[in-house]
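Undergrad: Sequence:
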Amino acid sequence: MEEFLLIDIKRLVIEGNINKAEDTLFSYIEKNKDINVMFIAGEFYTMLMDMSDEELKTNDFSRAEINAWLEEIRKIFKAKILTL
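Start counting the sequence shown at 1; every next residue gets the next number (my numbering).
None of these hints come from the bench; they were simulated from the model.
Please note that a few of the clues may not be correct.
[Stated by the list, open to error] Derived CB-CB ranges, DEER-like:
{"hint": "1", "residue 1": "23", "residue 2": "75", "range": "13 to 21 angstroms"}
{"hint": "2", "residue 1": "58", "residue 2": "32", "range": "25 to 33 angstroms"}
{"hint": "3", "residue 1": "36", "residue 2": "57", "range": "28 to 36 angstroms"}
{"hint": "4", "residue 1": "55", "residue 2": "23", "range": "15 to 23 angstroms"}
{"hint": "5", "residue 1": "54", "residue 2": "34", "range": "32 to 40 angstroms"}
{"hint": "6", "residue 1": "78", "residue 2": "16", "range": "29 to 37 angstroms"}
{"hint": "7", "residue 1": "71", "residue 2": "35", "range": "15 to 23 angstroms"}
{"hint": "8", "residue 1": "67", "residue 2": "10", "range": "15 to 23 angstroms"}
{"hint": "9", "residue 1": "33", "residue 2": "53", "range": "26 to 34 angstroms"}
{"hint": "10", "residue 1": "17", "residue 2": "42", "range": "13 to 21 angstroms"}
{"hint": "11", "residue 1": "31", "residue 2": "55", "range": "28 to 36 angstroms"}
{"hint": "12", "residue 1": "17", "residue 2": "63", "range": "13 to 21 angstroms"}
Ideal Cβ positions, reconstructed from N, Cα and C, are used throughout, including at glycine.
Given the sequences, and given the hints that come with them, work out the whole structure.
TA: Below is the structure:
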């Protein structure tokens, strides 16, 4: 199932639907805090960090939001990270 999540998120980002991609990710995280989902979240935010400030702004997103949500991901998966 995680493979489809990653495909959906990448598709949404490419289509310019970053907020919907993030909503999809966090909706999935609420149901499944599997370590694979943490890596998908990392890939998602890496994609966003690779975008220019202008691209982010066009999609109603910012670097500050990326950093804030990365911190949220760290909090959510902290217990998982500590057990690796």
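Undergrad: Could you run down the list of hints and mark each one as holding or not?
TA: These are the hints, each one checked on the structure:
For the pair residue 23 and residue 75, the beta carbons lie near 18 angstroms from each other, so the given range of 13 to 21 angstroms is met. For the pair residue 58 and residue 32, the beta carbons lie near 31 angstroms from each other, so the given range of 25 to 33 angstroms is met. Here the CB-CB span from residue 36 to residue 57 is close to 31 angstroms, well matched to the stated 28 to 36 angstroms. The supplied range of 15 to 23 angstroms is met by residue 55 and residue 23, whose beta-carbon atoms lie about 19 angstroms from each other.
Checking the proposed 32 to 40 angstroms range against residue 54 and residue 34 shows it holds: the Cβ atoms sit about 34 angstroms from each other. Between residue 78 and residue 16 the beta carbon distance is about 32 angstroms. The supplied range of 29 to 37 angstroms therefore holds. Between residue 71 and residue 35 the C-beta distance comes to about 18 angstroms, which sits within the given range of 15 to 23 angstroms. For the pair residue 67 and residue 10, the supplied restraint of 15 to 23 angstroms holds, since their beta-carbon distance comes to about 21 angstroms.
For the hinted restraint 26 to 34 angstroms between residue 33 and residue 53, the CB-CB distance of approximately 31 angstroms keeps it satisfied. Take residue 17 and residue 42: their Cβ atoms lie about 19 angstroms apart, and the range 13 to 21 angstroms holds. Between residue 31 and residue 55 the beta carbon distance is about 30 angstroms. The supplied range of 28 to 36 angstroms therefore holds. At about 19 angstroms, the beta-carbon gap between residue 17 and residue 63 stays in the expected band of 13 to 21 angstroms.
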